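*Asks:* Under mature numbering (1 follows the signal peptide of the UniProt record, and there is no 0), residues -18 to -1, 1 to 328 are what the sequence shown spells out, in order.
Simulated from the structure, these hints should not be mistaken for lab results. Owing to the predicted nature of the structure, the values given are computational and were not obtained by experimental measurement. Fair warning: there could be bad hints in the mix.
What the hints assert, rightly or not - Derived lysine-lysine pairs resembling DSS-like cross-links, with alpha carbons at most 30 Å apart:
no., residue 1, residue 2
1, K220, K302
2, K220, K78
3, K120, K166
4, K220, K152
5, K188, K220
6, K259, K78
7, K259, K220
8, K101, K152
9, K152, K259
10, K286, K259
11, K259, K302
12, K166, K188
13, K220, K286
14, K120, K220
15, K259, K294
16, K220, K101
17, K166, K152
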Amino acid sequence: MKKVLAKVLCLSIMVVLAPTSGIKASAASSINVDCGSVLRNATHCASGSLYGMTETKPADVSGLVAPLNPYVMRNPARGGSGNQHSFGAAIPVSGKLASVPSAKVSIDLADMLPGWPYKWPGMTSWINQVNSFISDKKASGRNNYYGYEIWNEPDGTWNTANGSFNDMWKQTYNAIRANDPSAKIIGPCYSYYNRTSLSSFLSFCKTNNCLPDIISWHELSGIEGVSSHLRDYRNLEKSLGIGTLPISINEYCDANHDLEGQPGSSARFIGKFERYKVDSACITWWFVPSPGRLGSLLATDTQKGAGWYFYKWYGDMNGKMVSVTPPNDDSNLVDGAACVDSTNKS
């Protein structure tokens, strides 16, 4: 009895019930937490955001960013005239995040280019821009970078008139390896999970010695498919004979984009990302006029919203993440995450 009680006292759990018409409360709300089944160390993998920080926002890093213990913030390599965005350049943002020990910046190289879809400048110009950015990044003297994303959503932004996407990937991969050999390379950053496309991409990469260090895609169509995608991807790796790669879901949001960063929706994503040991995940940026709000966790540039307090709770999790089993892993019903902190007995 004392042993069981100790485990319960060591539990910090995050659960949100999803009101669902026609579902009995007992079926929708029953979850199992196994404090003895450790998943991994608490890293707050899902606490990042796309363009959630800019050079100037949030201004109060110590009060609004640091308490969340964020892991990965996703930013454009360059921000200014002639780039995809006029804000959020990765190098100055990494400087702002230098005071937040947990935080790293994921660098979106394609955002150096103008237009949407991106306006391709030709291979020579592209590689020159990549090499120039690498030099500037190294000159910053900081190591709080997560890695280089070679391209963003190539399933929608790569024009076949540009030539072969795989050829561009290989040449860019080689440039990064030559100039920043210890850096992580992330991709392909598809806009959704597509087994066929991933299989073709990874087969090319395996044959041509250019596998990404971190595999990535986006989850923007709802929570129901996330778990099956993560399971299917691991099976795909086995079928192709490649090792287990860290996964970055570098954009995630409910199918109802108004729920970006909101507690009820976010809890389900976090539960699944922790269960399947996703390495990093970033909240989306659907509210385009408002970059720098941590994935809508802030209600204004300076005011905390409900999502901020929820992610603060998540950010306070320490110790070991443990197993949480929901009633239906492939649904949008109740889900959650739990940790055991034996050091602080919480």
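*Asks:* Any hints this thing doesn't respect? Which numbers, in order?
*Replies:* 2, 13, 14, 16
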